[in-house]
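Visitor: So the sequence lines, in the order shown, correspond to chains U and Y. Numbering of the first sequence is given in my numbering, commencing with residue 1 and proceeding in unit increments. Numbering of the second sequence is given in my numbering, commencing with residue 1 and proceeding in unit increments.
To be clear, the hints were calculated from the coordinates, so they are not data collected in a lab. Each residue gets a CB set at the ideal place from its N, CA and C atoms; glycine is no exception. Any given hint might turn out to be false.
Listing some non-contacts, in silico: residues in chain U with all C-beta distances to chain Y over 10 Å [stated by the list, open to error]:
(1) D136
(2) G185
(3) Q412
(4) L529
(5) T594
(6) Y692
Below, a sample of chain U positions facing chain Y; criterion: calculated Cβ distance under 10 Å [stated by the list, open to error]:
(7) M193
(8) R538
(9) L540
(10) L542
(11) G656
(12) V659
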Amino acid sequence: MLTTQTNTESLKTVMKNRDSHSHVSGKSIYVDDIPVRIGTLYAAVFSSPHAHGKLQELNLSEAKQMPGVVRIFTHHDILGENQIGGIIPDEPLFAEHEVHYQGQPIALVIADTEANAREALHKIKVDIAPLPIIVDPREAQAKGELIIPPRSFRLGDTAAAFEQCTYIFEGTAETAGQEHLYIEGQGAYAYPMENGSIRIASSTQGPTALQRTAAQVLGIPMHQIEVDVTRLGGGFGGKEDQATTWGVMAALAVQHLQRPVKLILHRMDDMKMTGKRNPYTSDYKIGLDENHRILAYEATYYQNAGAAADLSPAIMERTLFHANNSYFIPNVTATAYSCRTNIPPNTAFRGFGGPQAMFVIEAAIDHAAKALQIDTNIIQRKNLLTENSEFPYGQHAKDCEAKACWDTATEQYDLKKLQQEVADFNAQNELLKKGLALMPICFGISFTKTSMNQARALVHVYHDGSVGVSTGAVEMGQGVNTKMAQVAAHAFGISIERIKIETTNTTRVANTSPSAASATADLNGKALLNACQQIKDRFLELAARRLKVAVDDVLLKNECVYIKEEKTDFTWKKLVMDAFLERLNLSAKGHYATPVIHFDKAKEKGHPFAYHVYGTAIITATLDCVRGTYTFDSVKVVHDFGASMNRMIDLGQTEGGIVQGIGWMTMEELLYNKDGRLLSNALSTYKIPDIYSVPDEVSVQFLRTDNRHDLAIFHSKAVGEPPLMYGIGAYFAVRNAILAFNPQANVPFSAPITPEKVLMGLYGSK
Amino acid sequence: MKISFNINGEAQSVDVDGQIPLLWVIRDVLNLKGTKFGCGKAACGACTIHIDGEAVRSCSYAAKFAEGKEITTIEGLSSGDNLHPVQQAWIEEIVPQCGYCQPGFMMATAALLEKIPNPTDQDIDDNIANVCRCATYYRMRKAIHKAAQLKGRA
Numbered sequence: 001m002l003t004t005q006t007n008t009e010s011l012k013t014v015m016k017n018r019d020s021h022s023h024v025s026g027k028s029i030y031v032d033d034i035p036v037r038i039g040t041l042y043a044a045v046f047s048s049p050h051a052h053g054k055l056q057e058l059n060l061s062e063a064k065q066m067p068g069v070v071r072i073f074t075h076h077d078i079l080g081e082n083q084i085g086g087i088i089p090d091e092p093l094f095a096e097h098e099v100h101y102q103g104q105p106i107a108l109v110i111a112d113t114e115a116n117a118r119e120a121l122h123k124i125k126v127d128i129a130p131l132p133i134i135v136d137p138r139e140a141q142a143k144g145e146l147i148i149p150p151r152s153f154r155l156g157d158t159a160a161a162f163e164q165c166t167y168i169f170e171g172t173a174e175t176a177g178q179e180h181l182y183i184e185g186q187g188a189y190a191y192p193m194e195n196g197s198i199r200i201a202s203s204t205q206g207p208t209a210l211q212r213t214a215a216q217v218l219g220i221p222m223h224q225i226e227v228d229v230t231r232l233g234g235g236f237g238g239k240e241d242q243a244t245t246w247g248v249m250a251a252l253a254v255q256h257l258q259r260p261v262k263l264i265l266h267r268m269d270d271m272k273m274t275g276k277r278n279p280y281t282s283d284y285k286i287g288l289d290e291n292h293r294i295l296a297y298e299a300t301y302y303q304n305a306g307a308a309a310d311l312s313p314a315i316m317e318r319t320l321f322h323a324n325n326s327y328f329i330p331n332v333t334a335t336a337y338s339c340r341t342n343i344p345p346n347t348a349f350r351g352f353g354g355p356q357a358m359f360v361i362e363a364a365i366d367h368a369a370k371a372l373q374i375d376t377n378i379i380q381r382k383n384l385l386t387e388n389s390e391f392p393y394g395q396h397a398k399d400c401e402a403k404a405c406w407d408t409a410t411e412q413y414d415l416k417k418l419q420q421e422v423a424d425f426n427a428q429n430e431l432l433k434k435g436l437a438l439m440p441i442c443f444g445i446s447f448t449k450t451s452m453n454q455a456r457a458l459v460h461v462y463h464d465g466s467v468g469v470s471t472g473a474v475e476m477g478q479g480v481n482t483k484m485a486q487v488a489a490h491a492f493g494i495s496i497e498r499i500k501i502e503t504t505n506t507t508r509v510a511n512t513s514p515s516a517a518s519a520t521a522d523l524n525g526k527a528l529l530n531a532c533q534q535i536k537d538r539f540l541e542l543a544a545r546r547l548k549v550a551v552d553d554v555l556l557k558n559e560c561v562y563i564k565e566e567k568t569d570f571t572w573k574k575l576v577m578d579a580f581l582e583r584l585n586l587s588a589k590g591h592y593a594t595p596v597i598h599f600d601k602a603k604e605k606g607h608p609f610a611y612h613v614y615g616t617a618i619i620t621a622t623l624d625c626v627r628g629t630y631t632f633d634s635v636k637v638v639h640d641f642g643a644s645m646n647r648m649i650d651l652g653q654t655e656g657g658i659v660q661g662i663g664w665m666t667m668e669e670l671l672y673n674k675d676g677r678l679l680s681n682a683l684s685t686y687k688i689p690d691i692y693s694v695p696d697e698v699s700v701q702f703l704r705t706d707n708r709h710d711l712a713i714f715h716s717k718a719v720g721e722p723p724l725m726y727g728i729g730a731y732f733a734v735r736n737a738i739l740a741f742n743p744q745a746n747v748p749f750s751a752p753i754t755p756e757k758v759l760m761g762l763y764g765s766k
Numbered sequence: 001m002k003i004s005f006n007i008n009g010e011a012q013s014v015d016v017d018g019q020i021p022l023l024w025v026i027r028d029v030l031n032l033k034g035t036k037f038g039c040g041k042a043a044c045g046a047c048t049i050h051i052d053g054e055a056v057r058s059c060s061y062a063a064k065f066a067e068g069k070e071i072t073t074i075e076g077l078s079s080g081d082n083l084h085p086v087q088q089a090w091i092e093e094i095v096p097q098c099g100y101c102q103p104g105f106m107m108a109t110a111a112l113l114e115k116i117p118n119p120t121d122q123d124i125d126d127n128i129a130n131v132c133r134c135a136t137y138y139r140m141r142k143a144i145h146k147a148a149q150l151k152g153r154a
C-alpha cells in the first residue's frame, strides 16, 4: 500500500517561487505600485454610518467646495444598472433609498490627491431614519430574513436511526467570523483607453467578475472593459467577489471624467466596508450505538450572511457538503439557513463554509466522547470514511485516504507516547496544563457550481525559443505562477527559465473562473497542458519528418529532440525556428472542463467533486491556568498531497493554512456590537498570529500512496484550503487543557477560544 | 516645509507637509515603492525602514522628524547587485508567498542583526513583531538564522 512517490525528473527539483528575487528586492509590483499616469485622480468612499435605515437626505454641497474635489458620484451617475450582486442581484454599488450595514458605500469623492478626497468625506452630510437592526442570524431566521430558501442534504433516515441509538447528544456550536487581513488592502487603478474602453488594474481574484460587473454598471459591453492583474498581496477569498466594488467605482469615475482614477482603501475602511468569513451558529444532534459507531447526525446551520447575498449561498452549500467532515454516517440530515443581517455582506474565506461545518461535527463528537468518558479520538477513528463510503450528497469516497492519514499520523508521531507525555505533564503541574486533540479533514475539490469548473490558457512560443503563458490563474502568494511555469516547461521539455508567466488579463484569457476553491492550479494547469500539447504535436510531427522517423519515436526533453532514448542535435531553439520558417502555428489556446462532475440541486445529489483531499493533524497545547493564555507545542500532520509537483510551495500553503486556521479558532476575535458597528476595526484591535504566537513546531509528512488522481494536475492534489481546517484541532486542544485543570468546567463550543473565554472555563462550573 | 535627509546613500530634499507620515514621502514623492502600506497603525510592520540604523514603522513617523537622518529602504538594503545576507537567506529558504509584507520583515531583520548578530529564537520572538498573513513564519525563522550565518561569514 505504501510506496515512495515517483515524479518525473523535471518535477523533482525543488522549485523556488518565481517571484523570489523581485519580492526580496522590493521590486514586485502590486496595484498601488503601478507607475501613476499624468492627470491621475484619487477616490475615497463615503459610507453609511448606520447599520439600517432610510436614506432621507444626502447633502454634498459643502464637500463639493472642498479643495481639490473634482466630482462626487452617487447612484444617480450610474448609466447601467446600480447592481453588483454576483449570485443574486440584491446589492447596489451605491445605496439609493435604504442602507443595510455600517460601511455601505453611498458616494465616491474624486479629488486631485488622496488626502483631499478623504478630507472632503468629512463634509458630506447624510440623514438616515433608523430601522431595526439585526446582527444575530437566529433572530434573522426567526423573522424570515433569509437570503435564499433553506436547503437540506439527506442520507438515510435520521428519525428512524435515532430510535436505534444507544446514546444521543444535542447541543449548540458556534464560530465567529474572520477578517481576511490580506496585508495589501483592496484597490484598483482604472484609466481611459480609446473609444470608450477602460482598463482596470485590480487586486482581484476574479478578473472576469470585475469585468462583467463593471460593464453592467457602466452600461457597456464586456469587451469595453479590460481587467489586468499582476499579483495580489494576499487574497484568502476576500478578493474573490469583494474586489469588484472598488474596481467598478474607479471605472465609473473614469467613464465620466476620462481621466485615470485610483481607489485604494485605507485599512480601517477596508475592515469596515468589506465582509469576512461568515459567522455561524449551529445546532447538532448526534446518535451512537453501544460500540460508539455514529448512526445518525442532524445539524442545522444558521449562517450570518450579512446584508446581501454576495457568495453566501455558495458558501452555505459548501457547509452542507462538509457536514460529515471525514466521517461516514449512514443517516444524516443537514439543513442550512443563510440569514440576512445588518453587517457587511460576508464572503469567501479559505475553506468557504467547509470549516464552519467541520467545527460542528467535531463539537458533536467531542460532546459525545466527554459524556461517555472516552477519548474523543476513539469515536473519531471508529467512524472515519472508508473506500466507497457514501457522502450525504450521493458521491462515494474513492481512493479514500482518511484512515491511511490517521493511522500514519498516530504511528509515525507515536500518539500513545504523546498522550502519555501530556498525562505525565498534567500530573506534575498544577498551574500549567496540556491538552491534545486530533483533527482529521476531508475536503472536496471543485467549485460546487459545476459550470465554474473550466479554464483556458494562451501559449505563445516566440521564434527565439522563449515562451509566454497566459492563463486565468491569479497569483496571490499560493505559487500558482511557479506551478504554471512548471507545467509549460515539463510539457515542452525545456528549462523553466524560458517560460514567462504573463499578467492575468481578460483580453488574453476570457470568461475566467476566479482563483478560488483550491482549484486554480488544476483547472488552469490542465488548460495550459492542453495548449502546450497542441504546439508540441506540431513540433513532433516536424521533427519526425526532418529526422525521418516515426512520430511516436520522437520526444522533447532536456531542450532537445530525442529519438526514443537517443539525444539528437536538433535543439529546442532550432526546432522552434524551423517550425516558424515552415509557417507552423507557434501559438495555441487550451481549454479544460473538469469531466465527471455533476450535481442535481433538486435532489441535492450528484458527484460535485473531482476528488477529495484528506489528512490528520495532532495538536498539543500548553495552557497557563493563571493567565488563561496558551501556546501550541506542536502541530503534527500527515497530509494527502497526492504526488506533490512542488513540495516547497505545498508545504508553505500547509503551514500558512494551519496558522490561519489556528488564528480563527483562538486569537482572532471579530466583534460587532448590537448596532452593527465593527469593534475590531483596526490591526490594533484585531490580532492575527505573529512569529511569537505560532506553534513552536509544525511537522508535515507527505502521505505515501499509490493512488493517482488524474483530475489533479500532474497527480498533485489541490492544497490551498484543506490545511486551514487542521486549525480546528487547536480549539479542542485548548479545551482539553481547560478540562484537565477543571474537569467540571463549562466550556461552550464557541470559537475563538480567547484567553477571556479560557478563564471563564477554568474558574466557572457546570 | 523643506526636509533634507540621506536616503539609500543619496542626499534628498523634499518640500512636504511635515505632519504626513514619512511612508508617503518615500512612496509618492521619492517613488520608492518597495516600502508598503499595511495598517496605518504601526501594528503590521509592512512599512518598516531604517532611520539611523533603527527599524522604524514609517506609516506612523512624521516626515518632519526625518530632517538630517540617515534612511534606508528595501531598495537600499542591497549594494548594487549584491544582495544583503538577509535577502540571500530569504531566497534560499524560499520565504515569500504573496511577498507584500516581506520588505518590512527583511528591514526589521537586518536591523536586528546589527544589534544581535546571532539572535536566538527568543530574540527573534522579542524583536520581529511584524505580521505576515500568509504565515511564512517558519521559513522566516530559518532565514533569520541563516542570514546571521551568512553575515558572519561576509
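Visitor: With reference to the structure, classify each hint as holding or not holding.
Guide: Results for each hint:
no., hint, in the structure
1, D136, "holds (29 Å)"
2, G185, "violated (8 Å)"
3, Q412, "holds (19 Å)"
4, L529, "holds (24 Å)"
5, T594, "holds (26 Å)"
6, Y692, "violated (4 Å)"
7, M193, "violated (24 Å)"
8, R538, "violated (36 Å)"
9, L540, "violated (34 Å)"
10, L542, "violated (38 Å)"
11, G656, "holds (4 Å)"
12, V659, "holds (4 Å)"
Checked against the numbered hints listed earlier, the structure breaks hints 2, 6, 7, 8, 9 and 10; every other hint is satisfied.
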